[in-house]
Amino acid sequence: MAIAPFVTPTLKSYPVIPLIKVGATSHLKPFVAAAPIQKALGFAEELVEDWQPKAIAKMGDLLGKYRSLQVYMDACVHCGACSDKCHYFLGTADPKNMPVARQDLMRKIYRRYFTWAGKIFPWLVGAVDLTREVLDEWYTYFHQCSECRRCSVFCPYGIDTAEVTMAAREIMGSIGMGQKYSNEIIGKVHRIGNNLGIPGPALENTLEGLEEDTKEETGLDIKFPLDVKGATVLLITPSADFFSEPHVESLIGYAKVFHAAGISWTLSSHASEAGNFGLFIGNYEQMRNITMRVKEAALELGVKRIVVGECGHAWRVAYSYWNTLIGPFDYLDQRYPVPQHICELTDDLIQRGAISFDKEANDKRIITFHDSCNVARGASMGNMVGGQFIIPRRIITSVANHFHDMSPETVRTSTFCCGGGGGLLTDDLMEVRVKGALPRMEALKQVTDDHGVNFMAAICAICKAQFTKVLPYYGFDMNMIGGVHQLVSKAIRLGDK
Amino acid sequence: MTMLTIFYALLFYVATLVFVVGLALKIRNYSKTPAPLKIPTGPTPKTTAGVAWRLAREVVFFESLFKASKWTWIFGWAFHAGLLVVVLSHLRYFQEPVWLPVVLIQPFSIYVAGFAMVAGLAGLWARRWLVDRVRYISTPSDHLHLALLLAIALSGLTMRFVLPTDIVAVKVFMLGLLRFDWQPLPADPILLVHLALVALLMMIFPISKLLHAPALFFSPSLNQADNARETRHISAWASALDKHS
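In order, the protein sequence lines correspond to chains S and R.
Sequential numbering of the first sequence, starting at 269, is according to this note's numbering.
Sequential numbering of the second sequence, starting at 1152, is according to this note's numbering.
Check each hint, because a few of them may be wrong.
[Unchecked claim] To give an idea of the chain S side of the interface with chain R (calculated C-beta under 7 Å), a few residues:
#1 333
#2 351
#3 588
Rather than coming from a laboratory, the hints here were simulated on the basis of the structure.
Backbone N, C-alpha and C fix where the C-beta goes; we use that ideal spot for every residue, glycine too.
Taking the hints into account, I'd like the entire structure generated from these sequences.
Right, dumping it as structure tokens:
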């Protein structure tokens, strides 16, 4: 698909907060989902006749179902703390990409229809009618938010724009204005079992191919098992790990870890996806239905543990929501966390000395780590505060000799989104994606200049896909991005101990 | 009994009623609305005690705002801290005898807190004009909130330092309101403005952004502990889905 030309921002040696440019990205919106895509999810097939009252009713429904939305609509004082925190604002300068302004797109409707002040004095509190123009603006700017939650860290009331974006998308989906990219993918998961739409036989083929490749590389029979009943571990990983570069390198890494540690494991053709785009469109039922496949597969295969591969928002859903959505997990081995992140599993093996490494194998790489937003602010690892930051870094420094963190205000809790999260990883939003990557690219530039960093590790399929596409726009090599288990794969000692 | 006294007496009864009932309804609404999923934001404490400590830091020190913007923090904190001391010191108009702590903070309230309030409000208002991002998001209501608070603070300081009012009579009036035994209110214009604006502030509290005060405690991103794997979080409407599947 052709992408309309745009200018890639230049990288500055220190971050600058731009002056606002009204309407800078008002032309950027993703394709609307066509009727068959909407229908498959049980959503209105196209914008319904009486969309306005329906949207307002849906909003009332959500205000009653989500305390977050109700509280966040009321709590904002327009202090501006969040105004310079969003990567899309920093990259585009469009003021509607300031978290507060994005929330206000919904807040002005909330005030008009749900508060006394807005009903009586709309002009005073910035309340407006829900017109077609407002709806279009919603569609535009609620698809320029990656639900990364960076704003929520700086808000004195913890207002999380992601919750507002999700609510807006759910309202729009229900009246027939769903987003093509996310809803098409959700349809594929329901139909086939994964985001990429890889059917079981093709998956089997791919895994056999990987076994052959790995045999060639290592001389060992490292298995990539599929649908093996009675395996100890069920691995739920993003389907990108099966097909995309550099994702597949991490999948090979997981397989080597299981092999070296002697843990029997399996993938599932029924639940061949860790990603859960139900989160992105804010739809609880969709999110739950997608997750249910994991429970079904775990019970069907009779596994004892569930481990999740490198995927950011998937880990948020797994860590924070699975217990609610498909718990309790009383049928699994309680000695291990449920679910467990592959990094937790590998780190645990490293700490116990159960696997070892030739760190020199990674010596050509000078590594930094990109904290994926959903892992950083929506989940954790290990039984410790900040484990989601400590564990991946501990793995990297156990398998490689050269590691440098990026600037403190761009990592850990304050990490910047890659620019492609939250259902924005689609070519029709390429300009938003490139510009939204600016803050991360500036931080990366600094460590490449100062320390010669040539590899950025991440634990998210979306980050990997996004950076592969976006790095070249900023003059970096697309192969700079890779997985943590890609590094593990390179250095792990295999064979007979 | 003058019309003026009757008007102000009724005004304060109505304002108190609106403030208390309005706020109670809002708080009931917040507490009854379910939070179906665990959505604490980082850096998230793992325990309830940790959450209490986190909320305390937000309420007392405005920790997140400090991380976000030092200027907004210093103005915002100065205003709120000043307001707190001033409100506490005003308790003396409603008590006889006056509590010792309220007596002890009087000099601090007179010479520091009132001016801190004004300086903080002025700084916050300046940001609404000077910072292009904050200017963009400011609504008439945002400016009017600052104007209202500033007018309350300045009228109060005027009575303290420029044109003193009969505070003994004011206290008799306030105690009369509490005891439902109305006493005359001095017809001092600045006092009347001060009191009317305070009543207005109380009445808009439950229908305006001033709700940020109770809302903070109900914000799921701040008030939840990071224990989703250990403790199964369930809420009514969401768990009902489990029954028919």
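Going through the hints against the structure:
1. 333: holds (6 Å)
2. 351: Because about 4 Å separates residue 351 of chain S from the closest Cβ in chain R, which is inside the 7 Å limit, the hint holds.
3. 588: holds (5 Å)
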